[in-house]
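Chemist: Okay, here's what each chain looks like letter by letter:
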Amino acid sequence: MSKKRAKDRMKPEVNAGSMADIAFLLLIFFLVTTTIDVDKGVLVKLPPWSNEPPPEMKMNTRNVYSVLVNANNELLVRGEPASLRTLRDNTKEFIMNPRRLDNMAQDPTKAIISLKNDRGTNYKTYLEVYNELKAAYNELREEEAQKKYGKSFAFLEKGQQREIRSRIPLVISEAEPTDFGEEN
Amino acid sequence: MAKFTKKRGASKPEVSTASLPDIIFMLLFFFMVVTVLRDAELKVENNVPSATELTKLEKKSLVNHMFIGKPMTNYQKTYGTKPRLQLGDKFADISEIPLYLEKHRSTVPEVQRPGITTSLKVDGNVTMGVVSDVKTELRKSGQLKINYSAKKRVD
Numbered sequence: 001m002s003k004k005r006a007k008d009r010m011k012p013e014v015n016a017g018s019m020a021d022i023a024f025l026l027l028i029f030f031l032v033t034t035t036i037d038v039d040k041g042v043l044v045k046l047p048p049w050s051n052e053p054p055p056e057m058k059m060n061t062r063n064v065y066s067v068l069v070n071a072n073n074e075l076l077v078r079g080e081p082a083s084l085r086t087l088r089d090n091t092k093e094f095i096m097n098p099r100r101l102d103n104m105a106q107d108p109t110k111a112i113i114s115l116k117n118d119r120g121t122n123y124k125t126y127l128e129v130y131n132e133l134k135a136a137y138n139e140l141r142e143e144e145a146q147k148k149y150g151k152s153f154a155f156l157e158k159g160q161q162r163e164i165r166s167r168i169p170l171v172i173s174e175a176e177p178t179d180f181g182e183e184n
Numbered sequence: 001m002a003k004f005t006k007k008r009g010a011s012k013p014e015v016s017t018a019s020l021p022d023i024i025f026m027l028l029f030f031f032m033v034v035t036v037l038r039d040a041e042l043k044v045e046n047n048v049p050s051a052t053e054l055t056k057l058e059k060k061s062l063v064n065h066m067f068i069g070k071p072m073t074n075y076q077k078t079y080g081t082k083p084r085l086q087l088g089d090k091f092a093d094i095s096e097i098p099l100y101l102e103k104h105r106s107t108v109p110e111v112q113r114p115g116i117t118t119s120l121k122v123d124g125n126v127t128m129g130v131v132s133d134v135k136t137e138l139r140k141s142g143q144l145k146i147n148y149s150a151k152k153r154v155d
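Sequence lines, in order, name chains A and B.
Residue numbering for the first sequence follows the working numbering, beginning at 1 and increasing consecutively.
Residue numbering for the second sequence follows the working numbering, beginning at 1 and increasing consecutively.
Chain A stretches covered by chain B per the calculated footprint, using a threshold of three residues with CB under 8 Å from any CB of chain B:
| no. | stretch |
| --- | --- |
| 1 | 46-54 |
| 2 | 112-119 |
| 3 | 122-128 |
Sample of chain B residues at the chain A side, in silico, Cβ under 7 Å:
| no. | residue |
| --- | --- |
| 4 | Leu-20 |
| 5 | Phe-25 |
| 6 | Phe-31 |
| 7 | Met-32 |
| 8 | Leu-54 |
| 9 | Thr-55 |
| 10 | Leu-57 |
| 11 | Met-128 |
| 12 | Asn-147 |
| 13 | Ala-150 |
No wet-lab data here; the hints were simulated from the structure.
Beta carbons are placed, not taken as given, at the ideal position from N, Cα and C, and that holds for glycine.
Based on the provided sequences and hints, a complete structural model is requested.
Modeler: Listed below in structure tokens is the structure:
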């Protein structure tokens with residue numbers, strides 16, 4: 001049995017060529033059935049729930065930027081009808097108050113954005129408004145980072161980021177919505 | 001010179017395909033790792049709005065999803081057209097949220113629990129009423145980190 005000549009003794013080899021086909025099949029299966037979809041969105045921190053009504057806070061009205069979105073998806077900013085397009089720039093001006101007007105925030109740390117909506121407000125509009133308000137803060141932080149460190153906010157060190165965040169804290173207070181225009 | 005030409009049978013030069021499966025397997029594993037199988041079948045319309053200030057949710061295991069929207073056409077007979085909440089793969093009532101959150105929380109190691117985020121996938125056409133109710137319930141259950149799911153807007 002073992003006395004075969006060396007010439008005849010071929011290595012038994014499994015043809016590996018079809019392995020690729022099998023792997024390809026699997027690959028195509030996964031390509032088709034899966035979706036590369038990273039979950040992205042507007043990150044929000046909700047206030048904790050308490051059963052007692054919130055304490056009545058006496059706020060200086062100049063520091064409060066009230067934004068109301070009604071059931072017809074119309075904007076009312078500090079009692080005046082407003083448009084979504086100018087909201088971001090107006091908010092930025094309110095927070096920083098570059099011209100030191102007395103009807104705008106005394107200081108970025110004191111500025112409060114109060115957002116209120118109806119139950120009938122369209123979610124898309126609400127999110128757009130929220131997005132604009134958040135964008136205003138993000139742009140201000142970016143500007144501050146450029147001014148102070150000459151770098152983009154995202155590239156700053158943790159401590160520097162924290163410092164800018166405490167300089168321009170994001171305060172968006174959301175009131176309970178009023179019961180208007182809920183669809184049945 | 002003759003020494004070199006003396007070959008036993010002219011064998012065709014063949015590229016070895018043995019390593020091809022390895023390459024394909026590598027690709028396969030790459031796709032298996034980066035992709036997620038959608039585990040829940042959508043029963044509500046879910047066309048999320050677009051926004052610019054987006055945060056990516058990195059840790060998939062720390063995220064639980066809630067869908068809000070109008071029931072799809074084939075469910076409208078039983079569930080009506082009013083926007084509804086979908087938890088996991090079935091329609092749910094607002095009151096079922098704490099249990100759903102608790103179920104997810106128990107699968108997460110204790111140290112990572114503060115990082116749990118709720119991803120609210122809300123259809124753009126929904127009114128805020130149902131969203132507010134869900135938000136209130138989330139606040140009552142102590143789940144304060146939420147993420148309004150949105151697409152990237154290019155302007």
